[in-house]
Amino acid sequence: MDDTPDRPDTRDAEFARDALPFMDDVYRFANSLTRNPADAEDLVQETYLRAYRSWHTFQPGSDARRWLFTICRNAFLRSREKLRHEVEVDDSNAETLAAVQAHAEMRQDGSDQILSRVDLAPALTHALDELAEPFRSTVILVDVEDQSYDAASEVLGVPVGTVRSRLFRGRRQLQEKLREYARDAGFASVAVAKEHDDA
Amino acid sequence: MPNETSTLDCRSAMQQLWDYVDCELTTQRMEAVRRHLANCSHCLPHAQFAERFISALHETKDDCGCPGEVRAKVMAKLREAGLKLS
Chain A
1 MDDTPDRPDT RDAEFARDAL PFMDDVYRFA NSLTRNPADA EDLVQETYLR AYRSWHTFQP
61 GSDARRWLFT ICRNAFLRSR EKLRHEVEVD DSNAETLAAV QAHAEMRQDG SDQILSRVDL
121 APALTHALDE LAEPFRSTVI LVDVEDQSYD AASEVLGVPV GTVRSRLFRG RRQLQEKLRE
181 YARDAGFASV AVAKEHDDA
Chain B
1 MPNETSTLDC RSAMQQLWDY VDCELTTQRM EAVRRHLANC SHCLPHAQFA ERFISALHET
61 KDDCGCPGEV RAKVMAKLRE AGLKLS
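If you read the sequences in order, they're chains A and B. If you count the first sequence from 1, position 179 lands on 179 in this note's numbering, and the numbers rise without skipping. If you count the second sequence from 1, position 71 lands on 71 in this note's numbering, and the numbers rise without skipping.
Derived by calculation from the structure, the hints in this document are not laboratory data. Be aware that a few hints might be false.
Simulated restraints on C-beta separations [to be verified]:
hint: 1; chain 1: A; residue 1: G161; chain 2: B; residue 2: R11; range: 35 to 45 Å
hint: 2; chain 1: B; residue 1: E51; chain 2: A; residue 2: E176; range: 16 to 26 Å
hint: 3; chain 1: A; residue 1: G161; chain 2: B; residue 2: S41; range: 44 to 54 Å
hint: 4; chain 1: A; residue 1: D119; chain 2: B; residue 2: H42; range: 21 to 31 Å
hint: 5; chain 1: B; residue 1: E51; chain 2: A; residue 2: D129; range: 45 to 55 Å
hint: 6; chain 1: A; residue 1: D129; chain 2: B; residue 2: H42; range: 11 to 21 Å
hint: 7; chain 1: A; residue 1: A13; chain 2: B; residue 2: K77; range: 10 to 20 Å
hint: 8; chain 1: B; residue 1: H42; chain 2: A; residue 2: R78; range: 40 to 50 Å
hint: 9; chain 1: B; residue 1: G68; chain 2: A; residue 2: G61; range: 44 to 54 Å
hint: 10; chain 1: B; residue 1: R35; chain 2: A; residue 2: R80; range: 23 to 33 Å
hint: 11; chain 1: B; residue 1: E59; chain 2: A; residue 2: A94; range: 21 to 31 Å
Restricting the straight-line Cα-Cα distance to at most 16 Å, the calculated cross-link-like pairs of lysine to aspartate or glutamate (EDC-like) are [said to hold, decoys possible]:
hint: 12; chain 1: B; residue 1: K77; chain 2: A; residue 2: D42
hint: 13; chain 1: A; residue 1: K177; chain 2: A; residue 2: D63
hint: 14; chain 1: B; residue 1: K61; chain 2: A; residue 2: E46
hint: 15; chain 1: B; residue 1: K73; chain 2: A; residue 2: E105
Computed from a predicted structure; not experimentally measured. Beta carbons are placed, not taken as given, at the ideal position from N, Cα and C, and that holds for glycine.
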């Protein structure tokens, strides 16, 4: 019996094997774009329907997750009629140095200890929710979904330099939120008290 | 752009810090930054903090997967579109 890849049942099996396992990843990315669970749900549905209908265009062996992210972003832009050409300041070196400075300040008040002392996932998830676009989707793609700068550039449709700039600025903003969280959790005062005891 | 020599000053090393922890530098630059960090007690804590921060961000992945009811709706839509699973 002929078993060519074009047979619908084979096609469906390949789609199930290669595309469906990434629904968690697509949902996270959709959530980062829409900032709203109901819209994220619609976007995930739209992404998978488009992916299923376009499955014949998927290159076997290529990165299905990146392909799904790209469909998701394009579907989001179409639904929101977002401006595709955004003017941004691209100064990633300054952002990196600002992040280093932010860490130096965290070390001074002791709030950097929070990274090694408590489970940060809830605080960081909340901080990510508050992060503005386009920084959030970039941080999600690179730091949560492990996409390279090149892959994120392809998914987001922006140059690699813009990915770096957005990523570094997003990380710096997250560090600032983390510092606030550390202060609220009493880490800064603990450090100050310790310094006092040591003196 | 930062220079690509094997000896970096602290400013150059810190400008490349995020690229370094993301392994996005060339082999030569990765080595130059690694060598600088190994010998610089000022920059090393920044790199360690950056790595812990990225690691903590990555761990949020476990906190926000696709809810079961959303997954079920997506599968229902796909079946309506013709998807057949054995």
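To see whether the hints hold, each was checked on the structure:
no.: 1; hint: A/G161 <-> B/R11: 35 to 45 Å; in the structure: 20 Å, violated
no.: 2; hint: B/E51 <-> A/E176: 16 to 26 Å; in the structure: 19 Å, holds
no.: 3; hint: A/G161 <-> B/S41: 44 to 54 Å; in the structure: 32 Å, violated
no.: 4; hint: A/D119 <-> B/H42: 21 to 31 Å; in the structure: 29 Å, holds
no.: 5; hint: B/E51 <-> A/D129: 45 to 55 Å; in the structure: 24 Å, violated
no.: 6; hint: A/D129 <-> B/H42: 11 to 21 Å; in the structure: 34 Å, violated
no.: 7; hint: A/A13 <-> B/K77: 10 to 20 Å; in the structure: 18 Å, holds
no.: 8; hint: B/H42 <-> A/R78: 40 to 50 Å; in the structure: 49 Å, holds
no.: 9; hint: B/G68 <-> A/G61: 44 to 54 Å; in the structure: 30 Å, violated
no.: 10; hint: B/R35 <-> A/R80: 23 to 33 Å; in the structure: 46 Å, violated
no.: 11; hint: B/E59 <-> A/A94: 21 to 31 Å; in the structure: 28 Å, holds
no.: 12; hint: B/K77 <-> A/D42; in the structure: 11 Å, holds
no.: 13; hint: A/K177 <-> A/D63; in the structure: 33 Å, violated
no.: 14; hint: B/K61 <-> A/E46; in the structure: 22 Å, violated
no.: 15; hint: B/K73 <-> A/E105; in the structure: 47 Å, violated
Hints 1, 3, 5, 6, 9, 10, 13, 14, 15 from the earlier list are contradicted by this structure; the remaining hints agree with it.
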